[in-house]
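*Asks:* Construct all of the structure, not just a fragment, from the sequences and the given hints.
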Amino acid sequence: MTGASSGRDGSDLEALYQGIILDHNRRPKNYGELPAPVHHAAGRNPLCGDEVAVFVKTEGDTLAEVSFTGKGCAISRASASLMTGAVKGKSRAQVDALFDLFHDVVTGRKKAEDHKAELGSLVALGGVAKFPVRVKCASMAWHTLKKALETPAT
Amino acid sequence: MTLAPRADFPLLERHPSLHYLDSAATAQKPRVVLDAIRAFYEEANANPRRGAYALSFEATQRYWSARETIARFLGAADPECLVFVRGTTEAMNLVAATAGREGISAGDNVVVTALEHHASFVTWQRATIEANAQFRIAELRPDLTLDVEHFASLLDARTKVVAVTHVSNALGLVSPVAELVALVRRRAPRAMIVLDGAQSAPHLPVQFDALGVDFYAFSGHKLGGPMGIGGLLGRKALLETMPPYQTGGDMIESVGDQVSTWNTVPFKFEAGTPNAADAVGLAAACEYLTGLGMARVRAHEVALLRALVPALTAIEGVTVHGPTDDAAFAMRSGAVSFELAEAHPHDLATILDQAGVAIRAGHHCCQPLMRRLGVSATARASVFVYSGEADVAALAGAVRHARAVFAGD
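Protein chains in written order, with this note's numbering: chain H, 1 to 154; chain D, 1 to 409.
Think of the hints as simulated: they come from the structure by calculation, not from any bench. Warning: the hint list may mix true and false statements.
Claimed, not checked - Covered stretches of chain H, going by a simulated chain D footprint (3 or more residues, C-beta under 8 Å):
| hint | stretch |
| --- | --- |
| 1 | 9-23 |
| 2 | 40-51 |
| 3 | 118-127 |
Claimed, not checked - Not close to chain D: a few residues of chain H, all C-beta gaps over 10 Å, as computed:
| hint | residue |
| --- | --- |
| 4 | K57 |
| 5 | D61 |
| 6 | D100 |
| 7 | H103 |
| 8 | E113 |
| 9 | K147 |
| 10 | P152 |
Unchecked claim - Pairwise CB distance ranges (calculated):
| hint | chain 1 | residue 1 | chain 2 | residue 2 | range |
| --- | --- | --- | --- | --- | --- |
| 11 | H | Q18 | D | R14 | 30 to 38 Å |
| 12 | D | Q258 | H | P152 | 36 to 44 Å |
| 13 | H | E113 | D | H150 | 56 to 64 Å |
| 14 | H | R27 | D | G374 | 15 to 23 Å |
| 15 | H | G108 | D | S260 | 53 to 61 Å |
| 16 | H | E118 | D | P310 | 29 to 37 Å |
| 17 | H | L47 | D | G293 | 34 to 42 Å |
| 18 | H | Q18 | D | I315 | 21 to 29 Å |
| 19 | D | P310 | H | G85 | 40 to 48 Å |
| 20 | D | I315 | H | T62 | 44 to 52 Å |
| 21 | D | I315 | H | K116 | 34 to 42 Å |
| 22 | H | P152 | D | Q367 | 25 to 33 Å |
| 23 | D | P10 | H | P152 | 51 to 59 Å |
| 24 | D | D35 | H | G85 | 32 to 40 Å |
The beta carbon of each residue, even a glycine, is placed where N, CA and C say it ideally should be.
*Replies:* Shown next, in the form of structure tokens:
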């Protein structure tokens with residue numbers, strides 16, 4: 001079984017690597033560490049060696065600022081970049097709900113086009129659903145964000 | 001042209017548009033291997049070395065005959081020097097848990113290279129931590145070949161184990177084994193030399209008896225055999241003095257209430273019901289490669305690499321790791337690691353997959369090497385007997401396409 005024989009075609013590849021993904025990969029938003037005190041966690045994909053670190057400044061229950069650093073593929077960088085923008089200003093409960101929806105979309109359980117309003121620019125990652133081996137790349141930053149929020153600010 | 005017909009390999013026959021360039025991870029299986037495994041179960045299945053009935057005798061014969069064939073394929077005159085294990089990883093762990101544990105004491109040292117696969121690197125790193133011994137890593141020259149002078153400087157009278165890869169799985173570079181063995185014997189007379197043959201057994205004519213090493217570890221699935229069978233070749237005198245690895249059935253001579261004694265080599269190291277069918281399958285793979293001729297296999301792969309490397313370096317933004325000059329092909333084998341500027345290897349692999357080109361993207365179980373390269377991953381294309389110019393052309397075309405996707409700013 002290859003990509004070519006898996007029922008995917010060139011348009012799936014274009015959907016995966018659409019302009020917004022490539023742009024966020026080249027020029028990620030909110031890249032860099034935030035000054036202390038912040039919630040902070042590091043994530044690592046042991047299969048590929050890619051890593052991401054997420055920094056969150058909270059004000060009460062709100063994620064006031066979110067940033068990331070790390071090395072990784074276009075999908076993981078673009079996903080981290082888009083995530084930082086998507087969660088900023090949201091409450092923890094809203095972030096949890098958004099992550100659940102995002103996860104359902106990239107794993108193909110829900111269709112991105114049915115949830116455009118909630119997803120906002122995260123819609124761009126809907127193409128991942130056709131590439132199951134890349135789901136981890138897309139969700140690594142989110143898992144790391146969750147871990148950061150469970151960690152006391154230092 | 002391929003050396004072996006794709007039609008010999010059922011998977012390649014089933015996927016005619018597949019350009020399988022990940023043989024360094026695992027090779028596709030020729031039909032004769034699959035047939036041999038099936039024949040064992042259909043014609044001779046019984047527990048080897050157990051029963052007094054004819055069928056068990058037949059299973060025992062086939063299992064032993066497989067050992068003879070595989071030992072002969074790797075240039076070991078005495079089949080008793082071949083211990084069956086699951087693969088290279090288990091072979092390494094066997095040596096570390098037996099000869100390693102007995103031989104390495106506090107203050108001793110173990111020398112490895114920065115090219116080692118985790119199966120070797122981590123196994124010896126852990127063994128030295130447990131023994132409170134030093135773990136010494138021979139570094140690479142700027143061209144990523146082993147720095148032999150640095151390697152030599154690490155050897156001394158307290159060196160107990162030297163573990164070296166025969167062919168680097170990540171870079172496809174052949175180690176200068178004869179030179180390294182001579183250095184070890186001169187400078188570290190008490191050291192055992194363990195050669196990681198995972199990437200040499202499928203690609204190079206190997207003569208274990210002439211290598212001058214103490215152990216040679218290899219995996220069957222990388223040379224066309226089934227997964228889950230491999231071997232450790234060891235010098236007989238050493239194997240005989242080593243303690244057992246695992247305990248259980250068939251590895252004992254007699255079991256007393258308080259003390260037991262061990263079977264002879266190689267059975268001392270093969271506790272439990274053996275993976276006889278897969279050993280028979282691996283022997284069929286060795287016979288298949290012998291039929292092609294390992295010298296021809298080597299020549300075919302070098303010729304392919306001579307096409308593959310320039311096809312990649314001709315693409316703007318592509319870097320091939322390791323030397324690429326004409327002389328370099330004498331020490332290149334099987335795999336080529338490369339990078340495309342601005343494209344992460346995973347993205348590259350996804351785009352290549354869409355064109356039917358299967359390569360490996362990742363750290364290749366070589367994180368120490370990736371650190372030295374300053375990357376988290378590389379892309380790796382690797383060839384075998386069924387690879388040909390069409391695969392090289394498909395690879396180059398797909399990499400160009402990937403470049404268009406990622407460099408188009």
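*Asks:* Run every hint past the structure and note whether it holds.
*Replies:* Consistency of the hints with the structure:
no.: 1; hint: 9-23; result: holds (count 6)
no.: 2; hint: 40-51; result: holds (count 5)
no.: 3; hint: 118-127; result: violated (count 0)
no.: 4; hint: K57; result: 27 Å, holds
no.: 5; hint: D61; result: 35 Å, holds
no.: 6; hint: D100; result: 25 Å, holds
no.: 7; hint: H103; result: 19 Å, holds
no.: 8; hint: E113; result: 22 Å, holds
no.: 9; hint: K147; result: 20 Å, holds
no.: 10; hint: P152; result: 29 Å, holds
no.: 11; hint: H:Q18 to D:R14: 30 to 38 Å; result: 33 Å, holds
no.: 12; hint: D:Q258 to H:P152: 36 to 44 Å; result: 55 Å, violated
no.: 13; hint: H:E113 to D:H150: 56 to 64 Å; result: 58 Å, holds
no.: 14; hint: H:R27 to D:G374: 15 to 23 Å; result: 22 Å, holds
no.: 15; hint: H:G108 to D:S260: 53 to 61 Å; result: 56 Å, holds
no.: 16; hint: H:E118 to D:P310: 29 to 37 Å; result: 50 Å, violated
no.: 17; hint: H:L47 to D:G293: 34 to 42 Å; result: 37 Å, holds
no.: 18; hint: H:Q18 to D:I315: 21 to 29 Å; result: 23 Å, holds
no.: 19; hint: D:P310 to H:G85: 40 to 48 Å; result: 43 Å, holds
no.: 20; hint: D:I315 to H:T62: 44 to 52 Å; result: 48 Å, holds
no.: 21; hint: D:I315 to H:K116: 34 to 42 Å; result: 38 Å, holds
no.: 22; hint: H:P152 to D:Q367: 25 to 33 Å; result: 30 Å, holds
no.: 23; hint: D:P10 to H:P152: 51 to 59 Å; result: 57 Å, holds
no.: 24; hint: D:D35 to H:G85: 32 to 40 Å; result: 57 Å, violated
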